[in-house]
Structures are given as structure tokens and as C-alpha cells.
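Chain A is fixed; fit chain B onto it per the hints.
Take a look at the letters that make up each chain.
Number of protein chains: 2
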Amino acid sequence: MEYIKNYIEQHRERFLDELFGLIRIPSISSISDHKPDMLRAAEYWKKSLLEAGCDRAEVIPSQGNPVVFGEKVIDPALPTVLVYGHYDVMPVDPIELWKSPPFEPEVRDGRIYARGADDDKGQAFMHAKAFELMVRTNTLPTNVKFMIEGEEEVGSPNLPAWLDQHRDMLKADVILVSDTSLLGWDKPSITTGLRGLAYMEVEVTGPNKDLHSGLFGGAVANPANVLAKLIATLKDENERVTIPGFYDDVLELSAEERAEMAKAPFDVEAYKRSLEIGEISGETGYSTLERTGIRPSLDVNGIWGGYTGEGAKTVLPSKASAKISMRLVPNQDHHKIARLFEEHFLRIAPPTVKVKVTALHGGQGYVSPIDIPAYRAAARAVETTFGKRPIPVRSGGSIPIISTFEEKLGLKSILMGFGLESDAIHSPNENFPLDNFYRGIETIPYFYTYFLEYMQA
Amino acid sequence: MEYIKNYIEQHRERFLDELFGLIRIPSISSISDHKPDMLRAAEYWKKSLLEAGCDRAEVIPSQGNPVVFGEKVIDPALPTVLVYGHYDVMPVDPIELWKSPPFEPEVRDGRIYARGADDDKGQAFMHAKAFELMVRTNTLPTNVKFMIEGEEEVGSPNLPAWLDQHRDMLKADVILVSDTSLLGWDKPSITTGLRGLAYMEVEVTGPNKDLHSGLFGGAVANPANVLAKLIATLKDENERVTIPGFYDDVLELSAEERAEMAKAPFDVEAYKRSLEIGEISGETGYSTLERTGIRPSLDVNGIWGGYTGEGAKTVLPSKASAKISMRLVPNQDHHKIARLFEEHFLRIAPPTVKVKVTALHGGQGYVSPIDIPAYRAAARAVETTFGKRPIPVRSGGSIPIISTFEEKLGLKSILMGFGLESDAIHSPNENFPLDNFYRGIETIPYFYTYFLEYMQA
Chain A
1 MEYIKNYIEQ HRERFLDELF GLIRIPSISS ISDHKPDMLR AAEYWKKSLL EAGCDRAEVI
61 PSQGNPVVFG EKVIDPALPT VLVYGHYDVM PVDPIELWKS PPFEPEVRDG RIYARGADDD
121 KGQAFMHAKA FELMVRTNTL PTNVKFMIEG EEEVGSPNLP AWLDQHRDML KADVILVSDT
181 SLLGWDKPSI TTGLRGLAYM EVEVTGPNKD LHSGLFGGAV ANPANVLAKL IATLKDENER
241 VTIPGFYDDV LELSAEERAE MAKAPFDVEA YKRSLEIGEI SGETGYSTLE RTGIRPSLDV
301 NGIWGGYTGE GAKTVLPSKA SAKISMRLVP NQDHHKIARL FEEHFLRIAP PTVKVKVTAL
361 HGGQGYVSPI DIPAYRAAAR AVETTFGKRP IPVRSGGSIP IISTFEEKLG LKSILMGFGL
421 ESDAIHSPNE NFPLDNFYRG IETIPYFYTY FLEYMQA
Chain B
1 MEYIKNYIEQ HRERFLDELF GLIRIPSISS ISDHKPDMLR AAEYWKKSLL EAGCDRAEVI
61 PSQGNPVVFG EKVIDPALPT VLVYGHYDVM PVDPIELWKS PPFEPEVRDG RIYARGADDD
121 KGQAFMHAKA FELMVRTNTL PTNVKFMIEG EEEVGSPNLP AWLDQHRDML KADVILVSDT
181 SLLGWDKPSI TTGLRGLAYM EVEVTGPNKD LHSGLFGGAV ANPANVLAKL IATLKDENER
241 VTIPGFYDDV LELSAEERAE MAKAPFDVEA YKRSLEIGEI SGETGYSTLE RTGIRPSLDV
301 NGIWGGYTGE GAKTVLPSKA SAKISMRLVP NQDHHKIARL FEEHFLRIAP PTVKVKVTAL
361 HGGQGYVSPI DIPAYRAAAR AVETTFGKRP IPVRSGGSIP IISTFEEKLG LKSILMGFGL
421 ESDAIHSPNE NFPLDNFYRG IETIPYFYTY FLEYMQA
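Chains A and B supply the protein sequences, listed in that same order.
First residue of the first sequence: 1, per our numbering; consecutive thereafter.
First residue of the second sequence: 1, per our numbering; consecutive thereafter.
The following block holds chain A by itself, in its conformation from the complex:
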């Protein structure tokens, strides 16, 4: 349909300028100093939704950062698509590795470089612009609602309660989300499974103050050595998590299902090359795609303690800490896993130290069916613009709120993302190819058309 390509071509630069305005707001949800930026980003979204053609848009308070809601109801009898996205972004450390400032978007080699360029400002904003396109060209086939939150990167702690409060307002037929990646530009895919997450922080305290390592070393338990030992025991020599009960609720896939998964294209040598690693690593008995797709994992996300500056300081630190998170697969409950972790960690800690364990956030895994109208519409839309049938894939990532949507609103979510693995989300030099941004805007209107068609069939 030429009008789609034409509209995008005419408004190409403006779309980018508007996205850049959003990106320039450093809305890092995990750092409390950025509170005012959260409000600015929310207001920016409200304005964008009204300008794009919403009948109504509001910044609605929650117990945490507010949620932006917008809607255009063309006919209450028609289906309604609820677009979900988030305006918050991850922190930017280590800042020194960025080639351009993270909140000053820059286009280099056809990619937008900035924190949030993909996750999720770039991807969510495609929906605002595709919606504008449909409104201005009088081709919007269904009702549309937008729900853009500001705490996704910290696990959406306040969204569940907010959903309860606004159930009526959020009535819809499906939730549409762009916050995931394609297997590749030439390997389009739609994410049908997400891992859950249990994110913990542990603090090990030895002596009540930093000590001179010469005067005390060898006679007092060093919390950094103890922490290393505790972390080391959390996985065995087969890279299996040792927490008792950790695997109890994991659903093992059948041989047939695993054979089906093994058909997804995957080049382990290219994978190793792109990460510059000598060997891959993971749970014995599973492939790389299985390790991230259908198996839970445990990773240290951060570790710190003692003297970390230049040179040598002979200190025996008082404390050492780590952030440790576990990716979970569907059927594992993150509350239960957090509890098992805490009990285990406290049990294995020696009496020479004090240990504190805090659950920072969590979310359940999710599996989406591929035989519903919305999935079929998404698959056909992607096929229309990419020229290839998308592969349904289980992603290793987590969008904890997705399973909550099903629980609270009774709605399935379609994860039609347009990112690439090379977008470096959560990393320095996050980026989003311009081609993906515009291709996303082009694909979304087809989704609406096909969705209405399948819903009315």
C-alpha cells in the first residue's frame, strides 16, 4: 500500500526529530535523582499522543512514576488494540565507554545512537507515528489505546495496582508491544516466550569497619572472599543452579519441541566472534538457544566491595555486595524463587559474617499462543513488509509485566519487536537502525488491517 510508504517518506525527518526530543530526556527510572525527568518524559508522550490524533491523553499518577494513557475510539463496536510501551530507560554506566553522550542522539552509519534509541523509546514511538499515519490517512481500522509506563526497567512495581484501578479504561482485545528483537534483518521473528526474573541484592558484612589487611589479614573473615565463595557455590560444575528446589517447577520440553527449536538458524561461530569469546558456556546438555530460551539462569549483575580505585590499598573491607539475578522460565514463580534464593544464601553463609538478602524486583515468564487472530495478524504484517514469514521464538529476556497483563486484564500480548541483537540495549552505545525504525512504522498499520480482518472472520 503506497500511501504508507509515501506518508513515511514525507514525514521522515520530523518523525526522527520528535523521537530525539523524547530521547533527550534522561528518564532513568532506577536512579531517584531522575524523578523530574520521568515527569518530563511522560508529558512529552502525552503531547505526542494528542498531536498524533488521540481523542484523549493523560498523565495518570501511580504509586511510582505516572503512566501515560491515550485513546482514540472510532467505534465502540470495533476491536480495540492496547499499545504498551515504556518511557523509562536503563542507567548509562559505564559512561566512559559511550562514543557519543547517551542522551544526545546521534545518527552514525545509519543507526541512532542513544540510551533508549531502541529500548523502548525508539520502539514504542514507532506506534505513535504509525497511529498518526493511520489517523491522517483516514485508514485507522480499529480503536486504539496507549499505555506507556515509566518503571519497566525496574520491574514495573506499581503497574499491577494501577491496572486494578483502571480496568475499565483499559478494556481491549489484545496488547501490542514492541520491546523485543528480530533474529536478524533477514530473519524476521516474533517473540512468543519470555523468561521471568528474580533480582536479588546481597550484602556480606565482616568487621564493623575497614581494617588494615596486614594487621588483621588471615585472622578475620574477609567479606569479599566470603562473598566470592558464596557466589561460586550457587552453580555447580555443570553450570546448574544449586539452590534446592530451583528447577522443581521448570517444564521440560519434549524431544519433538526441542527438535523444532533446533531448526532456528544459529551460527555458534558467528556468535562467539561477535562477542569475542573463546568458548560459549552454560548448562550441560542444552544448546545456546535452549539455554536462553527455555532454561533458567543465574548471573551476577554487579559486584563491589573494598578499594576499587587506582593503585594499591591494603584494606580488609568491612562489606562486600552483589546484585544477582535469575532468569526464570514459564511455570517458575518469581516469588518462590526469590524466597528459595534468600533461604539458601542465608543457610550457606558462614557464622564469621552477617548476610543481608533483598529482593529488588521480579516478574513471571510468559508464553504466547500462535493461533490467535492477533498473532496471525502480526505474522502476516511482518511477512508483508519483510518479505519473509517470521519465526516464532522464545526470548531469554524478561518483560515482567506481560504475564501480569494476562492475570489482571485477561489479555494476551503480541511481542512484535523490531530491534536487533546488535542494538546493545542496556549497554553503552545502545543504538537502533533507522531502517528498523521506519520498517516498524510501516509494518504496524498492516497489523491493524489484518487484525480487524481476522477478528471479523
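Worth double-checking, as some hints may not be accurate.
Put simply, identical chains are the same to the list, so a pair is met inside one copy or across any two.
Here are the simulated DSBU-like cross-link-like pairs (lysine-lysine), alpha carbons at most 35 Å apart as the crow flies [to be verified]:
1) K171 / K47
2) K235 / K209
3) K354 / K99
4) K5 / K354
5) K35 / K336
6) K187 / K354
7) K209 / K187
Derived by calculation from the structure, the hints in this document are not laboratory data.
Positioned in the frame of chain A, the structure of chain B alone reads:
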């Protein structure tokens, strides 16, 4: 001798003011930004030595920070005491735990609070003031030389070459050092042994950039998990270091020697209480005093990697690092131990990561005899002012340069220190009791008198 007490009483306030002037210079040797402060501290010492009565004082360049040299030769035929000290100090992290700014000395409850208050500005400056006292009261019994260096806290990397260059200038009969502690105000002691040190930094690199822990977690070796595992294996369940060859050169003490050591007063319950620890910890089969006095140890001094800020960031870090140091006992060679550590660490690292090991600094251990004139003079001087015979003790700390003095200059060092364990050297809120400062100044002149007496006997 009343004139000593009288002189100190008359100049009490000025002594403190002059020390404070030195303390206010933030001469942190491990942080290169402080280079100009190193020169300022050296010049301050030069001026102090000239004002105190040196015939000559100079700031003499080295390959690193300069060394301050001063001397007063009253008669070339008389013995010469070479005073060694250092004008550099440790970093001040974690700065937020200081109750007063580290470089603004403040007297609270009879203690000077500041970085360097004890180690080693306060202790070294006692020698400048005791020297002034002897000059002004015409009681200086021997020749005196001062050598105050600026790189002790980073392992004196350039002093050995400097010693070679200035051997003639440094000719003396003994080296006198105040950079150690008393067992307690009521338990005077003189340090007769020091541990050596091998201080390493390790860096573990996994993927070439920080990754999203959901998309990659479980399939790529996490360098922070790997580092934890490597550190964990460096000590066994008996807290013995597992590096092959580590204990080869350790001299085991005889049962008699250990029985003698066991007579030193030590209250394990008070020790635990003062550190607020539930249990002590260390190598099986040795007491706490043995663990720090005659046994080597291995401690993580710092560890860092990944996201260490507020909240949760789901990153699989590219790198994780640690500073790991080993305290060594006499006869262990720090070069050999550093090499064994490096070889071992590289050998145990899995092929899923790259590992870099750097030796940051090192020094040999030292044992001083207790039957030489200088030790006997020091013991009698301490007994004169404290009223109790000092106990000879092996300290767990390291002053790496002490063994180098013996090797390069053929001189023994007497470690007549006046600090207390509660002085929190290398920690926040370092302090030095005024009583110790003035008692040190009072004790030093007796050392000179008795030293001449024993040398001429």
C-alpha cells in the same frame, strides 16, 4: 629528665600546629592527581627539618616522588641514627564514613582525627620535634639523618634505586622508624617482625561489551561469576592458600617459639567485640596472633564489576576485577609469590574468559634481632617513659622497604612505633591520641642517650 617534659610542655601547641600543617596537604601517593601535593608535603618536611636544627635538608628527586633528606653531624666519630618515615598517605575512600574531613585535622576526645594523623605523618613528625628538643636543649648525643619518602603506601617502588644512588650520604649505624603500633597504652611493645606483601590485580573479561542478562544469561560465561569462582578456589576449607608452592619457603616456628608467642596478652572475646564479628576465622591449627604474626594470608582488598548503582540493572558485565594481596612471612620472596600467583591464576581460568594479572607492588618480610644496642636502647627508652618493659612482637603489617634497607644499606631497623590498634590507619576516621604523640616525642631522646651508651660500651 625534667628538661624533656618541660620543653614539650612549653611547645605543645606549636608542635601540634606544625603537624596539622603537614596533615592538611592531601599527599595520597596512589592517586596521580595528587602529584603536586607530594611536592608540597616534601617541601614542608624540608622546612621543618631546617627549622628543627638540621645543618642541611634537601628535597632529592627519585624516579617517583622525591625523598626528603636532612642531617646534623655533630661529630663524625660518633654513631649516627638514620630516621626513616614517609610523607605520603593512603586514599580516603569511603569518604562518606569520615566524621570530619580527612585533611582537616580535628581534635576530639583527646585524639587527632585525620588521614595521616598516625600513619605516618603523626609518627614521623614526633622525630622532627624530638630532634628539635635535643638540639635546642643542647642534648643531642649522636649524629642524626632523616630520610622521609613519599611512596611508602604504594610499596616504595623507586626507593631501592634511590638508596643505591645515595649510599654514602646515608651511612649510619641503625635506622629508627615509628610506623607501627603498641599492643596497647598499658602494653608497650616494639615490633620485631613484619610480614612481606605481594599485591596483585586481576581482570577477567568475558564478552567484549556489557550484555543484556536476559538475552545472553545462561549461554555466555559471566566474568563476575567466573571471578568469584576463581577467588573462591584460592583458599581451601582450612583457609590455607591453594597456590602450589605458596608455603614452600615459610619457616615453621618451633613448639618452644610458639609457646613463647602464646604468652602475649590476647583477649579473643574483646577482639570479636571490637570488630563486631560473630566468629574469628583463619588457617586451621594457628591462633589469631600466629595467623597475623607468623603465617601468610590472602585477602581480596577490592572487587568490582557490572552495575553497582542504585536499583536493578539486568546486565551481564563484560569485565570484573579484583585487587588481591598476600601477606608473606620472612623467607617468602614476594617476587616468587607474585609469579606463583600469576601462573596459578592463569592456569585455573576457564577458556570462556580472558584473564589479566598484574603485580601492583610487593615487599619482603623482616625480622629484627633483639640483642643489638639499638633494640636494647629502644626497649629501655620505652620502659623509661611507659614504666613497663616493652614486649617484642611480630606484626602482621608490612613495611616493604625495611628488608630493602638491610639489603642495600646493611642496616637493621628498629620499629619503635607509638600508634594504637584503634587508630584506624588506612580506614575512615584515622586518628592518633595526643598522649601517644607527646609520649613518643618524650621517649625518642632517651633512645639516643641509651643508644650512645650501648654503642660505646
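Status of the hints after comparison with the structure:
1. K171 / K47: Within. Shortest intra-copy distance 23 Å satisfies the 35 Å Cα cut-off; inter-copy 81 Å does not.
2. K235 / K209: The answer is both: 30 Å in one copy and 23 Å across copies each meet 35 Å.
3. K354 / K99: between (41 Å within a copy, 24 Å between copies)
4. K5 / K354: neither (62 Å within a copy, 48 Å between copies)
5. K35 / K336: Answer is within: at 31 Å inside a copy they meet the 35 Å cutoff, but 54 Å across does not.
6. K187 / K354: Close across copies (32 Å), not inside one copy (50 Å); limit 35 Å.
7. K209 / K187: between (55 Å within a copy, 24 Å between copies)
The structure fails to meet hint 4 from the earlier list, while all remaining hints are met.
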